[in-house]
Amino acid sequence: MTIDESRLDSIIDEYNAEQGSLISILQDVQAEYKYLPREALEYVAGRLDIPRVQVFGVATFFKAFSLKPKGRRQIHVCMGTACHVRGSKKVLEEFERKLGIEAGSTTKDGEYTLETVNCVGACALGPVVMNNEKYHGQMTPIKVEDLLKKV
Amino acid sequence: MKLKSGKELEAFRKKILAKKNPDKPCITVCGGPGCLARQCLEVRDAFVNEISSRGLADKVDIRTTGCHGYCEMGPIALVFPEGIFYQKLNVKDVGEIVEETIVNNRIVKRLLYSDETGRQVKIEKEIPFYKKQMRLLLSSNSKIDPHIFEDYLAIGGYTALAKVLTGMKPTEVLEEVKKSGLRGRGGGGFPTGRKWESTRDAKGDIKYVICNADEGDPGAFMDRSILEGNPHSVLEGMIIGAYAMGSNEGYVYVRNEYPLALKNVTIAIKQAREAGLLGENILGSGFGFDVKVNRGGGAFVCGESTALMASLEGKPGEPRAKYIHTSEKGLWDRPSNLNNVETWANVPLIINNGQGWFAGIGTESSKGTKVFSLVGKIKNTGLVEVPMGMTLREIIFDIGGGIPDGKAFKAVQTGGPSGGCIPESLIDMPVDYEQLTNAGSMMGSGGMIVMDEDTCMVDLARYFTNFLQGESCGKCTPCREGLLRMGEILTGITEGRGRMEDLSLIEDLSGVLKDASLCGLGTTAANPVISTMKYFRDEYVAHIRDRKCPAGVCRELITYGIDAGSCTGCGQCLKNCPSGAIEGEKKKPHVLDTAKCIKCGICYDVCKFDAVRKE
Ligand SMILES: Cc1cc2nc3c(=O)[nH]c(=O)nc-3n(C[C@H](O)[C@H](O)[C@H](O)COP(=O)(O)O)c2cc1C
Ligand code: SF4
Ligand code: FES
Numbered sequence: 068m069t070i071d072e073s074r075l076d077s078i079i080d081e082y083n084a085e086q087g088s089l090i091s092i093l094q095d096v097q098a099e100y101k102y103l104p105r106e107a108l109e110y111v112a113g114r115l116d117i118p119r120v121q122v123f124g125v126a127t128f129f130k131a132f133s134l135k136p137k138g139r140r141q142i143h144v145c146m147g148t149a150c151h152v153r154g155s156k157k158v159l160e161e162f163e164r165k166l167g168i169e170a171g172s173t174t175k176d177g178e179y180t181l182e183t184v185n186c187v188g189a190c191a192l193g194p195v196v197m198n199n200e201k202y203h204g205q206m207t208p209i210k211v212e213d214l215l216k217k218v
Numbered sequence: 002m003k004l005k006s007g008k009e010l011e012a013f014r015k016k017i018l019a020k021k022n023p024d025k026p027c028i029t030v031c032g033g034p035g036c037l038a039r040q041c042l043e044v045r046d047a048f049v050n051e052i053s054s055r056g057l058a059d060k061v062d063i064r065t066t067g068c069h070g071y072c073e074m075g076p077i078a079l080v081f082p083e084g085i086f087y088q089k090l091n092v093k094d095v096g097e098i099v100e101e102t103i104v105n106n107r108i109v110k111r112l113l114y115s116d117e118t119g120r121q122v123k124i125e126k127e128i129p130f131y132k133k134q135m136r137l138l139l140s141s142n143s144k145i146d147p148h149i150f151e152d153y154l155a156i157g158g159y160t161a162l163a164k165v166l167t168g169m170k171p172t173e174v175l176e177e178v179k180k181s182g183l184r185g186r187g188g189g190g191f192p193t194g195r196k197w198e199s200t201r202d203a204k205g206d207i208k209y210v211i212c213n214a215d216e217g218d219p220g221a222f223m224d225r226s227i228l229e230g231n232p233h234s235v236l237e238g239m240i241i242g243a244y245a246m247g248s249n250e251g252y253v254y255v256r257n258e259y260p261l262a263l264k265n266v267t268i269a270i271k272q273a274r275e276a277g278l279l280g281e282n283i284l285g286s287g288f289g290f291d292v293k294v295n296r297g298g299g300a301f302v303c304g305e306s307t308a309l310m311a312s313l314e315g316k317p318g319e320p321r322a323k324y325i326h327t328s329e330k331g332l333w334d335r336p337s338n339l340n341n342v343e344t345w346a347n348v349p350l351i352i353n354n355g356q357g358w359f360a361g362i363g364t365e366s367s368k369g370t371k372v373f374s375l376v377g378k379i380k381n382t383g384l385v386e387v388p389m390g391m392t393l394r395e396i397i398f399d400i401g402g403g404i405p406d407g408k409a410f411k412a413v414q415t416g417g418p419s420g421g422c423i424p425e426s427l428i429d430m431p432v433d434y435e436q437l438t439n440a441g442s443m444m445g446s447g448g449m450i451v452m453d454e455d456t457c458m459v460d461l462a463r464y465f466t467n468f469l470q471g472e473s474c475g476k477c478t479p480c481r482e483g484l485l486r487m488g489e490i491l492t493g494i495t496e497g498r499g500r501m502e503d504l505s506l507i508e509d510l511s512g513v514l515k516d517a518s519l520c521g522l523g524t525t526a527a528n529p530v531i532s533t534m535k536y537f538r539d540e541y542v543a544h545i546r547d548r549k550c551p552a553g554v555c556r557e558l559i560t561y562g563i564d565a566g567s568c569t570g571c572g573q574c575l576k577n578c579p580s581g582a583i584e585g586e587k588k589k590p591h592v593l594d595t596a597k598c599i600k601c602g603i604c605y606d607v608c609k610f611d612a613v614r615k616e
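Sequence lines, in order, name chains A and B. Each residue of the first sequence is one higher than the last, beginning at 68 in this note's numbering. Each residue of the second sequence is one higher than the last, beginning at 2 in this note's numbering.
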């Protein structure tokens, strides 16, 4: 993929190209592309004068980063303890069945990405599912279809 | 506008208070995590529209605040000056509240809380959930809009900082915190004053003060709620600590999953800078301190002090051995002091009210209050703040209202993935650091997950082990490999492949993890397994010997069936079964074909007549 170097430059310059700001820079790059394109990682490594292996090391260590493109709609099913004891696993399985994909992958049409997350801090309403930025509490398998229908 | 002295701060505060009319109605909508998940912002917007369309915008304030704690009842709104508590609100209720309460000064009874006897309660304080709490930290949340600096000043914000900078030596501050008995709220419970002292005494011109807002415990949201709802209280604590330790630079490390906390603390830092409460020469004292915010990368291990500091340096979050303490060589190899969000938020209270007051709350070894996230199988889910030493029974039954749906209490899990499960036999135990540790669990950061008879303890142990295995950074072998094996053994037991020898194998592995892991993740990783094996051994045995899951959770060990006697033939199960395993005519008992059943449990959930049985 072709990347917009000037856009990357402005992100990097915001942090004065400091090596210590690598994680913040990658977070901003990811916000721009919704994932970390390989070319962008290589460019950041060059600008910060950090070995590529170190940049890829950070990009693969943290769960916040994805090296694969994400779907237009991101469904995050919480698997935290509070949600677990209230049956989040059943909710996840229903999403997997309805979307025909396993957690951690994206539908073929690029529409949905299904992922798990360990607690989004809305534990009182478990099981919690996030549909892009929006929280949905007290989820059950039955409610899955409706949530997927919502635009 | 920069405040150049303590006097200027007080004058500014007076001005703010003079402008406030205590009788002016104010609708306070909770914008905490629980209410957000119930779309409270739509309710808030409806209030804004209703008020402005009635031309009342000048006469009524509307405030969006942080978490009020009683998430179960969300969306919640308080109507001041009286503080009427309206619960479970819907956009449709808004017009009535404005018409009745704001315009006609009457109460909308149907939106009030009513207790078990049906008695309706008007204000928060009288609700059983709040009655026994001691909300020193959390009560401010409903009084301030976290985006409005003046709101924090109006409730006495930054008085502690002014007191420290205009009249106390750093050593005096240190003494005060030491004597208060404050201990860390993030995990280990280390005495805060002593930790500060070692950073203060460490050699080096540059020292760092860091706030741990990584809140990795899955099932806990105390830190999120404090940082979102009252970010200045955390900053004030940090500035005071920095002054005591001689530090001029600080960091707040915020969990990646908490965008609102990140936003609110970033705004608060900007406001504090503009007011001269961060930056050089704070309140004319000559002391300077500033704070940066960093987002975490979504790794549980980054809550560990050395991993957190590595991540702040832009590196993968791998812990290091701690024969040299971070108080001497931490971030960038300089003396660094790390405290949890709640620890920092306690500091202004101690300074304002004196160490004696703080030390008067709690037990012999544990002082002050503790915030718990009371979740799981409990009626009143939410955030509770209680004095140390309150018993589990009081927290779970008096405040939490007990277990829903008439089920029996089974255990409570505290301390997150490093903690353990406490059984019913210990429910009268007072909650403090030592008691929890003696029971095989720990305080941790304050997660309190309640479980009923439908929770399988072996499944829970497997859950935590898998969680930790996924989060292990992989640097040391006992944790990386040990947890993998432990997970395999536990999965085997939950899937009906367990052997009795597995139990001693688990015990052996636990010992290795404890003795040979590099960081706290590995050394405590066996706690959930060991504590469930100690208190619920019979459940392990049932899985292994009888190939049965008594709680009916472990899929491989249960079968579903329909009880013909109870089935009314309503057809709900048939309609919802994803695998077509149920057949039957309307109004006649249905049958479930176990060969086609994928055990998703949907029929069990939808049946209103308890006709679907698990065995
Ligand atoms: C694996 C691991 C995860 C941790 N996660 C957190 C966390 O999310 N938040 C926190 O405040 N402390 C966490 N801690 C504890 C910190 O290492 C540290 O002890 C604490 O932040 C110190 O602050 P305190 O003295 O105020 O409690 C964790 C420790 C370990 C070993
Ligand atoms: S104990 Fe686990 S998390 Fe800690 S350093 Fe070792 S491998 Fe990493
Ligand atoms: S455990 Fe699911 S939101 Fe916290």
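Certain hints may be false.
Some but not every residue of chain A turned toward chain B, in silico, with C-beta under 8 Å [to be verified]:
1. S88
2. F123
3. A149
4. H151
5. S172
6. C186
7. C190
8. L192
9. I209
FRET-style restraints, in silico, Cβ to Cβ [said to hold, decoys possible]:
10. B:R111 - A:K201: 57 to 67 Å
11. B:K93 - A:E109: 18 to 28 Å
12. B:I149 - A:R114: 30 to 40 Å
13. B:Y324 - A:S77: 41 to 51 Å
14. A:K137 - B:E425: 39 to 49 Å
To be clear, the hints were calculated from the coordinates, so they are not data collected in a lab. Backbone N, C-alpha and C define an ideal beta-carbon position, used for all residues, glycine too.
Original post:
In ascending order, which of the hints set out earlier in this document are inconsistent with the structure?
Top reply: 2, 5, 10, 11
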